[in-house]
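Student: Here is what each chain is made of, one letter per residue.
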Amino acid sequence: MENWTSAKKWGRLPRLAVLLGVGGLLSTWASSVDFASPPALVVREREDARAVQILQRALIGSEHNFFSGEQTILNFDTGDGSACVTQETHLGPNRFRIVYQNPPDARGRLQIADGTWFQHYLPQTNTLIQRRITPLSVAETNTPARLQHIRQNYRLNLAAQTDNLAGRAAYVLDIMPRIPDRPHQKLWIDTETGLVLRRETYNPAGIQTSVTSWRDLHFYTAPPEAALSWSPPEGTRTLKEEGEAILPLAEARANADPWAVVPEKLGGSFYFESAYLANTRGGRCLHCTYSDGICTLSLMQLAGTQSFQTTSGTIDPMPIASYNAESAQITTRGSVNILSWSNPHRGATLSLLGELTDDALITMAQSLP
Amino acid sequence: MLKCARCVQKLSDYMDGALGTREATRLREHLASCAACREEYEALLALRKVLHAAPTPVVRSGFWQHIELTLRTHSPLGRRVPLFSVQRSWTWAVAGMLLLGTIIWVRGVHAPASKHEKKTMVAQVFPKETSGTVSMDAIVSLHTRMSAAHPLADAGRLRYLDSDSEKADLQDGKLDIR
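Those sequence lines, one after another, are chains A and B.
Position 156 of the first sequence, counting from 1, maps to 197 under our numbering, and the rest follow consecutively.
Position 22 of the second sequence, counting from 1, maps to 23 under our numbering, and the rest follow consecutively.
Don't read these hints as lab results, they were simulated from the structure.
Treat the hints loosely; a few may be bogus.
[To be verified] Some chain B residues near chain A, calculated using beta-carbon distances under 7 Å:
no., residue
1, V141
2, G157
3, K168
These figures come from a predicted structure and were not determined experimentally.
Note that beta-carbon positions come from the ideal geometry of N, C-alpha and C, so glycine has one too.
Let the sequences and hints guide you as you build the complete structure.
Tutor: Structure representation (structure tokens):
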């Protein structure tokens, strides 16, 4: 009897082992699948040529449409997420009016740019910040060059020939980074005007981080100039900033202080676009912008050893000893990651800002002289 | 047929006579047909010859006795210490402190910090001898403002972040970066 029970037990063991194995495999699969995240986008390489034409249309359309509408911006990158709703009128390059309706703490904020001055009104403090607009360099507005740059760094695919979005026909374009350290975007491009009607952004892990979309769109044939005129309320405190000129590479290098460096490219795929000399309470600041065609990266260099203060965001102190950094930290503001470190040998404090992974920013920092 | 990489890997064993008959035969066949591997084999043979020709060092008298004595004196096996003893109390104390330190560090790293604590962290991370203080909101504002102006940028999202950052930067009625 004892032998029989023991034999039965041993006979059951392989079955039990198989069941446990299957159970283990199922749980491993279930834990690897993120059920909350949207399904992966379908990539079709053969439609690349058509996708390039559509993106070109969007590049031109982003600057040459006169329109007004309501924009909704949903951010999922912060803990609980946030929703922002704005009423906007766009009348060409550096000419727009944006009125914030949501969230409640931003309600009534106003941003107006008339091509010469940018005004930012904050009703909560009754403050108006005025800045002279510094136009972008020729390189930044050169559509064929930008398109080529985008194609070097991203795979363009037409995810759908047309889709209907709030009564408008749109091409659905997938912009997948060739280096998976930056966001992946999906754009709905208006077939008629080239305007980006909707944009979904996914982080390198494939998790959706934001959606921006337009509704109640109205296109103008002639710009309604009255939309850009505005007078601040009585008693408004005004801060006027003249601003400095935007510098191309050669001029940026010629004007840079000895503690600053102006590399032509960062991380192999981000090329220098422009530099801007700003002033801070602590002294001078050189701000260089780099782009891979879609993503922008900022390299901020401040004289001396500066410490940073923040009223929001998360600071994650991290020692990086593998290059000339005495100390470094990673900060996150919305979707922007900021790596800051001091370089005592050059007597400067540097920051890299962009929608890139921490590791990508660290690699770029390490490549700096 | 044996591949070259595998052959080179096996050469040393072959020379030591550590290969089985079938494997040794395959290796010999490969050496007969492959000039590169044969060259490698000959180089190893030459090296072995040089090493064999080298003079053997003469050990002075009493050398091995000295080694044995040293091992006996310093070996932990020679005198076993009980797990819980006065001699081991220091080891336990250090281990306990390390464990406590690890727990505190892990809690400190992963626990959500308050705004005040975050500011303190900045002061710890950057050296005390700083020449100034810059608002993080100011540099985020500058970055997002410039980025939003690029064609195809997610301008709405960037301008909203700029607006929020600029509002945060305007703490005492002044902007940090102008």
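Student: Could you check if B:V141 really has its C-beta closer than 7 Å to a C-beta on chain A?
Tutor: 5 Å, holds
Student: Against chain A, is B:K168 within 7 Å by beta-carbon distance?
Tutor: 6 Å, holds
Student: Measuring from the C-beta of B:G157 to each C-beta in chain A, is the shortest one below 7 Å?
Tutor: Interface hint status for B:G157: holds (5 Å vs cutoff 7 Å).
Going through the hint list in order, the structure satisfies each hint without exception.
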